[in-house]
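If you're matching them up, the sequences are chains W and H in order. Those letters in the first sequence? Residues 1 to 323, per our numbering, in order. Those letters in the second sequence? Residues 1 to 414, per our numbering, in order.
Honestly, the hints are just simulated from the structure, not real lab data. Mixed in with the good hints there might be a few duds.
[Stated by the list, open to error] The calculated lysine-lysine pairs, modelled on DSS-like cross-linking and capped at a C-alpha distance of 30 Å, are:
| hint | chain 1 | residue 1 | chain 2 | residue 2 |
| --- | --- | --- | --- | --- |
| 1 | H | Lys172 | H | Lys229 |
| 2 | H | Lys364 | H | Lys354 |
| 3 | W | Lys86 | H | Lys220 |
| 4 | H | Lys32 | W | Lys86 |
| 5 | H | Lys140 | H | Lys394 |
| 6 | H | Lys242 | H | Lys187 |
| 7 | H | Lys346 | H | Lys364 |
| 8 | H | Lys82 | H | Lys242 |
| 9 | H | Lys346 | H | Lys172 |
| 10 | H | Lys123 | H | Lys312 |
| 11 | H | Lys70 | H | Lys82 |
| 12 | W | Lys197 | H | Lys82 |
| 13 | H | Lys229 | W | Lys86 |
| 14 | W | Lys86 | H | Lys394 |
| 15 | H | Lys123 | H | Lys315 |
| 16 | H | Lys364 | H | Lys117 |
| 17 | H | Lys408 | W | Lys86 |
| 18 | H | Lys377 | H | Lys350 |
| 19 | H | Lys117 | W | Lys86 |
[What the hints assert, rightly or not] Where chain W lies over chain H, by a calculated footprint (3+ residues, C-beta under 8 Å):
| hint | region |
| --- | --- |
| 20 | 73 to 84 |
| 21 | 149 to 159 |
| 22 | 236 to 243 |
| 23 | 249 to 259 |
Model, not experiment: these values are computed from the prediction. By construction, the Cβ of each residue, glycine as well, lies at the ideal position given by its N, Cα and C atoms.
Listed below are the residues making up each chain.
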Amino acid sequence: MTLSSSPSQTGLIGRSASALRPITRSFSRRRRKDVIAAYLFLAPGFALFALVILYPITRAFQISLYHWAIAPGTPSEFIGFGNYSKALHDPIFWRGLVNSGFYMAVTVPAQIVIGLAIAVLLDAHMPARTLFRTLFYLPVVTSWVVVSLLFRYLFITDGGLFNWFLHDATHVTGHNIDWLGQRWTAMVAISILGVWKGVGWSMIIFLAALQGVPRELKEAAAVDGAKAWARFRAVSLPAIRPVVAFVTILLVMGGFNVFISVYLMTQGGPQNETQVLLTWMYLQAFSFLDFGYGSAISFMLTLIVFALSIVQLRLFRRPSEAV
Amino acid sequence: MRLSRMLVLLVLTAIVAVTAATAGARVSGAKKTTTITFWNAYSSDGPEVKRLDKVIIPQFEKTHPGIVVKDVPVPYDSLHQKLVTGVAGGQLPDLVRSDIIWVPELANLGVLEPLDKSLPDFKALSSTVFPGPLATNFWKGHYYGLPLDTNTRTWNYSTTALASAGLSGPPKTFAELKADAATAKAKGLYLYAESGLSCWNVCPWIWSAGGSITNSTYTKASGFLNGPKSVAGIQMLVDLYKAGLMPNIILGGTGGLGTYDGITQGKYVSTLDGPWMFAILGGSVKLAGTTIPAGAGGSVSVVGGEDIVMTKSSKNKAAAAEFTRFMLHPWAQNQMARAGQMTVLKSLTKQLVKIHPYYSIYLKQIANARPRTPTPKWPQIDQVFQTELPKAFKGDETVQQALDSAAKQIDALL
């Protein structure tokens, strides 16, 4: 794997071509073997990737071009990009896109900032550090279904914990808020669940990255008189920059793919006000049996997430990596 | 050492061979069993699943040796998705207890067996059931199932909450409903709570006001759903809501106090619901039922219920047909009636009241109940109700405007 053509060329300067030939042939044979071995190692992973990612995407694209008949053996009508045109003229598709974008815009920065803050605190020497790490990570391993239903009860208009606190206990609000009955309050409630559930994940990744920052660098900065904030900003943060990029990209993908919490807390209602792209896609496919339109929505979502990921990769690229 | 190992190996091989041979002989000697799979959404909150698993199926298997029934209870909200997935994957069960509103959709997909063609005794079986529930199995010239249970919605109320509201009895007319709702509100209670704006929720009010959803051939909604009488039915609900006499759960938001919780907690007096409500809440609340308050069109409710349908892909159609017949047998229907399932057999109506007194009001109401539009596009039509009607309740549009828009959209779907 480490062999390349350049050392073979430089190391054999001065020999005749006929003397070089058997050695070169031997190298190229070994190189071919290495390449074959590499592909063989890659094959199982790629086969799995093709099976669970590439094939469904290709199939979804194919279905999206048809008025798809779900019963096997029934002919489907080819309508070209008709389902895509339908989506572009569907106000609820656009509302779903805005709602998905809102969820992503609220939850991603919150999870990064809070997760990083907790990671910094837990990176310091403190008593019961392991206990706190476990506690902050606990929401990540709980079931989405369970916590979504739990949050639905927390946000109930009459008798919910949030309204009890805001209205009955602290009198911040003059009346009980119908959290899940209006678009933006419902989206806020769903976003709060997203942040609460996801912050432990970003925390654990940031914590691992922070623990990998060389201690000597921090000590050198301290010797130079840098205070804690300056050490974090000038030493730790640049050191964990690739991890911040990794977390951001994955969170953006996850944010746009929000489904379970919306489906269980509001079911996209009332009146489709809280539909996100995936709940709208689900409704089209499984309630209205319009799999062609549902596939078009999911394929468009894939393109959006793909484009966003490329933009982020470029944004997070170090200046030295830029071509 | 090597010899003794070989001996042990030989003995072990012999034991395995003899055991396998005798087991095989036992299997080939036993009678071949046929397993049929039955998907249903019987409620596990009440006694339905227990009655099916512990009483009905064991009795069937006892009287039909060689047939095993695999019961697959699925929550109602998931059953439609499971059916759709089953259709797409070609993995449907032998029998399904389908909501009556799904039968045209499944029949239209071509996955159901037309029972009037494949059951030689279909005529005899169908003659024993009520014609209304039987009609829900009809699609494009064929019957694709048989009714299994029927139901409708009646005005169910907590007698304790009614007294707390300062009322002597349930409202009998639209006018009484408006007046009583104000009386109850003055005592801090909601007289009537409704959990959404689908047709199941609001069609009884449209029909009771004298309105209709479509023409009689189910091909046009304009001129019917947005006619003056239909508008009057919805207007009454909008007036109640805007006057603060109904809780906001009617808008379909999930954050409000549900009807069952509200009635259990004594905050709501009444709701419209099926007979299962008595089976589920009867132990904790003193419930009574009556017919829906009457408007200009009388007291008209909505028909609900389930049909038993056989899939085309079933490999055990004879056994599935036997179980279908068994489920329509008076004994099985009687057993399920005890678990809150209203029978579809004409011969059992008198016995129903003896099983549970509350059935009397359902029998009275179902005589004046109408089905929802039988069409494969029903889920989309119901979505139109839930999208357009809230605009009238929120004051964004008048009732007339909201129903005009709904009718136009439903026309396109029909």
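How the hints compare with the structure:
1. Of the pairs offered as hints, the one joining Lys172/H and Lys229/H holds, with about 19 Å between alpha carbons and a cut-off of 30 Å not exceeded.
2. Distance restraint check for Lys364/H and Lys354/H: the Cα-Cα separation of roughly 15 Å lies within the 30 Å cut-off, and the hinted pair is therefore satisfied.
3. With a CA separation close to 24 Å, the supplied pair Lys86/W and Lys220/H stays within the 30 Å bound.
4. This hinted pair does not check out: Lys32/H and Lys86/W have alpha carbons roughly 54 Å apart, beyond 30 Å.
5. Among the hinted pairs, Lys140/H with Lys394/H is inconsistent with the structure: their alpha-carbon atoms are about 40 Å apart, more than 30 Å.
6. Between Lys242/H and Lys187/H the alpha-carbon distance is near 18 Å, which keeps this suggested pair within the 30 Å criterion.
7. With a C-alpha separation of about 14 Å, the suggested pair Lys346/H and Lys364/H falls inside the 30 Å cut-off, and the hint holds.
8. The suggested pairing of Lys82/H with Lys242/H is violated, with an alpha-carbon distance near 39 Å, which exceeds 30 Å.
9. In summary, the hint linking Lys346/H to Lys172/H is supported, as the alpha carbons are separated by about 28 Å, within the 30 Å threshold.
10. Distance check on the hinted pair: Lys123/H and Lys312/H sit about 20 Å apart at the alpha-carbon level, within 30 Å; holds.
11. Between Lys70/H and Lys82/H the alpha-carbon distance is near 16 Å, which keeps this suggested pair within the 30 Å criterion.
12. For the proposed pair Lys197/W and Lys82/H, the alpha carbon gap of about 28 Å is at most 30 Å, so the pair holds.
13. Only pairs whose Cα atoms come within 30 Å are accepted, and Lys229/H paired with Lys86/W is rejected, the gap being roughly 35 Å.
14. As the CA atoms of Lys86/W and Lys394/H are separated by approximately 28 Å, the hinted pair is consistent with the 30 Å bound.
15. Straight-line distance between C-alpha atoms of Lys123/H and Lys315/H comes to about 24 Å, which keeps the hinted pair within the 30 Å bound.
16. For the given pair, Lys364/H sits about 34 Å from Lys117/H by alpha-carbon distance, which is inconsistent with the 30 Å threshold.
17. Taken as a hint, the Lys408/H and Lys86/W pair is honoured in the structure, with Cα atoms around 19 Å apart against an allowance of 30 Å.
18. A distance of roughly 37 Å separates the Cα atoms of Lys377/H and Lys350/H; the hinted pair therefore is violated under the 30 Å criterion.
19. Using a Cα cut-off of 30 Å, the hinted pair Lys117/H and Lys86/W is violated, with the two alpha carbons roughly 40 Å apart.
20. Here the region 73 to 84 of chain H counts 3 residues with a CB under 8 Å from a CB of chain W, which clears the bar of 3, and the coverage holds.
21. A stretch counts as covered by a chain when three or more of its residues have a beta carbon under 8 Å from one of that chain; for the region 149 to 159 of chain H and chain W the count is 0, and the coverage is violated.
22. With a cut-off of 8 Å between beta carbons, the region 236 to 243 of chain H has 0 residues touching chain W; three or more are needed, and the interface restraint is violated.
23. Interface restraint, the region 249 to 259 of chain H with chain W: holds (7 residues with C-beta to C-beta distance below 8 Å; minimum three).
Of the numbered hints stated above, those contradicted by the structure are hints 4, 5, 8, 13, 16, 18, 19, 21, 22, listed in ascending order.
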